[in-house]
Amino acid sequence: MSDLVIHLRDLSRAYVMGAETVQALRGVTLEIRRNEYVAIMGPSGSGKSTLMNLIGCLDTPTGGEYWLNGQEVSRMADDALARVRNREIGFVFQTFNLLPRATARQNVELPLVYGGISARQRRQRAEAALQRVGLGDRMDHRPNELSGGQRQRVAIARALVNNPAILLADEPTGNLDSATSEEIMRVFATLHAQGQTVIMVTHEADIAAHAARIVVLRDGRIASDLPNRSGAAA
Amino acid sequence: MQIKDAVGEALETIRTQKLKSFFSLIGVLIGVTFLIAVVSIVQGMNVYMEDKFANKLVGLNTFQLRRVPNFNMGNISEETWREWMRRPRINYAEANYLQAKMATPAIYSRYCSENLPVSWNGKTAKGVDIWTADAPIFQIKNLDLDGGRVFTPQEARLGEAVAVVGWDLSDKLFKGADPLGKNIAIEGIPYRVVGKVAKQGSLFGISLDKFVIVPFDAPVHRVACNLGFMDELHIKTADVASMQVALGEVEELMRIQRRLKPGQENNFAMQTAEGALEGWKKISAILFTALPGLVAISLVVGGIVIMNIMLMAVAERTREIGIRKALGAKRRDILAQFIVESATLSTVGAAIGILAGIGLAFVVRATTPLPAAIAPWSVGLGVFLGVAVGMTAGVYPATRAAKLDPIEALRQE
Chain A
1 MSDLVIHLRD LSRAYVMGAE TVQALRGVTL EIRRNEYVAI MGPSGSGKST
51 LMNLIGCLDT PTGGEYWLNG QEVSRMADDA LARVRNREIG FVFQTFNLLP
101 RATARQNVEL PLVYGGISAR QRRQRAEAAL QRVGLGDRMD HRPNELSGGQ
151 RQRVAIARAL VNNPAILLAD EPTGNLDSAT SEEIMRVFAT LHAQGQTVIM
201 VTHEADIAAH AARIVVLRDG RIASDLPNRS GAAA
Chain B
1 MQIKDAVGEA LETIRTQKLK SFFSLIGVLI GVTFLIAVVS IVQGMNVYME
51 DKFANKLVGL NTFQLRRVPN FNMGNISEET WREWMRRPRI NYAEANYLQA
101 KMATPAIYSR YCSENLPVSW NGKTAKGVDI WTADAPIFQI KNLDLDGGRV
151 FTPQEARLGE AVAVVGWDLS DKLFKGADPL GKNIAIEGIP YRVVGKVAKQ
201 GSLFGISLDK FVIVPFDAPV HRVACNLGFM DELHIKTADV ASMQVALGEV
251 EELMRIQRRL KPGQENNFAM QTAEGALEGW KKISAILFTA LPGLVAISLV
301 VGGIVIMNIM LMAVAERTRE IGIRKALGAK RRDILAQFIV ESATLSTVGA
351 AIGILAGIGL AFVVRATTPL PAAIAPWSVG LGVFLGVAVG MTAGVYPATR
401 AAKLDPIEAL RQE
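One line per chain: the protein sequences are A and B, in this order. For the first sequence, position 9 (counting from the first letter as 1) is numbered 9 according to my numbering, and the numbering increases by one without interruption. For the second sequence, position 352 (counting from the first letter as 1) is numbered 352 according to my numbering, and the numbering increases by one without interruption.
You may find that some hints are simply not true.
[Claimed, not checked] Sample of chain A residues at the chain B side, in silico, Cβ under 10 angstroms:
1) Met17
2) Asn53
3) Trp67
4) Gly70
5) Phe91
6) Phe93
7) Leu98
8) Pro111
9) Arg123
Everything labelled a hint here was simulated from the structure, so no lab data went into it. In this text the structure is predicted, and so the values were computed from the model without any measurement. Using N, Cα and C, we set each Cβ at its ideal position, and we do this for glycine too.
Assemble the whole structure, with the sequences as input and the hints as a guide.
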């Protein structure tokens with residue numbers, strides 16, 4: 001199936017803590033297709049952070065398989081995973097995670113630096129990405145000169161600059177007020193409408209409501225996986 | 001990750017944290033400063049010693065036959081000293097024999113010197129070197145006249161009381177007036193000044209122009225020399241090659257005259273410019289042996305300081321490392337970033353050290369008689385050491401940074 005972007009088969013992750021082994025994820029099977037807009041929900045301790053780290057290739061599973069865009073990433077080594085993160089995944093974090101001393105443009109250029117793109121192309125693509133999120137006039141500002149919403153939009157531009165297979169957002173509105181949260185959700189909706197696959201991890205029901213499909217985790221397993229009619233049309 | 005970005009990052013760190021950066025660089029800075037300053041001074045001394053000391057004081061293509069060597073920088077044992085004092089002086093017969101038998105063309109001058117006061121018109125200059133010598137001494141010592149003439153053969157043969165004065169002496173006694181034709185008094189005997197030698201300059205702040213040259217047999221000879229003997233026989237040949245030949249000839253002829261058996265030590269000395277430099281060469285060799293040790297100590301200390309600063313930087317920027325890893329930085333990208341950053345820091349320290357070293361060398365040159373010449377290789381070595389120390393010091397912190405787990409790193413506040 002060519003439009004299958006993410007395919008998790010019986011994925012599990014255990015942590016060894018001293019004498020105890022903690023099962024954070026106990027066999028998750030999940031398929032996400034191109035241009036889906038999925039929210040992953042669950043109370044704290046449900047394993048949603050672990051799942052996000054696995055999907056984001058920041059962590060490797062202790063069991064099961066993870067296929068991303070046709071490649072099995074669950075058996076990849078460090079450097080190969082770094083390459084996958086660079087090409088296939090665009091991260092948006094709760095705390096924005098911008099480099100404080102770099103300008104908006106330099107922050108957006110960062111994934112391209114690790115992708116080995118030439119300086120001229122980097123600049124062009126970074127500027128295009130910033131324009132896409134409506135920050136064409138803020139390119140030379142540093143994060144501390146930007147509002148929370150603007151910072152998150154810089155982070156989104158950075159996530160998009162490499163044309164990733166998935167946009168992976170971890171509580172993207174957790175540090176924002178409700179008006180700004182809505183603004184960011186509109187950006188996500190626009191990107192989704194343009195064909196971007198979006199996966200969002202959140203514990204806020206009203207934020208998850210923007211997604212077209214809601215996956216709920218509980219105790220390391222999928223408790224429910226339902227389409228969301230009120231969300232953006234797929 | 002491109003090197004340029006990492007260098008920029010390091011320079012940015014230095015710019016925003018000037019004081020901390022300065023302290024972190026001080027070890028490398030001092031090491032390189034020391035390297036440049038010492039090498040500059042030693043190099044300067046080398047040039048100076050070869051140019052001024054050897055060529056002016058002793059002379060090119062020139063050597064002196066003496067009773068004992070006259071430039072000794074090493075320690076001389078009591079025993080050696082006694083042996084020297086037992087040696088016969090060089091006498092006229094020996095000098096004449098040499099001049100008659102030498103195959104290599106050369107010019108000769110007998111020579112004695114004594115330190116005596118010289119007076120004129122009620123004024124006295126103390127501690128003037130009085131040289132009693134033959135007329136070729138001017139040619140042998142490359143003394144150009146600034147006025148007047150050298151001795152005539154007749155004046156030399158008769159030992160007349162005529163004198164050629166050095167520039168400083170002339171200046172001091174005559175206060176700018178023309179010394180020619182004036183009568184100066186040495187040991188109560190008047191000497192007519194017939195010539196004046198052009199300015200020679202100074203060596204280690206000691207004037208080379210405070211002398212009077214009189215004919216070898218002039219009256220002061222009785223004070224300066226033992227009758228029938230000379231302090232030195234100066235010999236000058238056409239070039240360095242013929243000087244080497246002449247040295248051999250003189251040695252052989254002297255051994256014949258003094259009836260030395262094979263295996264017996266020479267009881268005379270031949271002083272060349274090369275020989276005069278030997279003492280200095282010993283000192284500069286010691287300096288160059290000690291220098292790497294001293295520089296190495298400060299560089300090791302400097303390297304440890306930089307390593308600590310980099311470990312702190314890695315700890316402070318753990319989150320940044322997490323972000324970079326999340327965005328696709330590989331281990332070697334992070335490794336390279338911190339090594340380049342460390343090398344840049346250290347190289348900046350080395351660069352400041354080079355400037356400080358050059359500055360120090362110039363200060364030494366300006367405030368002491370010691371000369372200084374910047375050796376380009378020492379500057380190159382300074383830069384190289386800066387880069388090398390920085391890279392070495394950066395390896396451990398950079399490895400720690402590269403090994404960080406991205407999830408853990410991102411969690412860091």
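Going through the hints against the structure:
no. : hint   : result
1   : Met17  : violated (14 angstroms)
2   : Asn53  : holds (5 angstroms)
3   : Trp67  : violated (19 angstroms)
4   : Gly70  : violated (19 angstroms)
5   : Phe91  : holds (5 angstroms)
6   : Phe93  : holds (7 angstroms)
7   : Leu98  : holds (8 angstroms)
8   : Pro111 : holds (5 angstroms)
9   : Arg123 : violated (13 angstroms)
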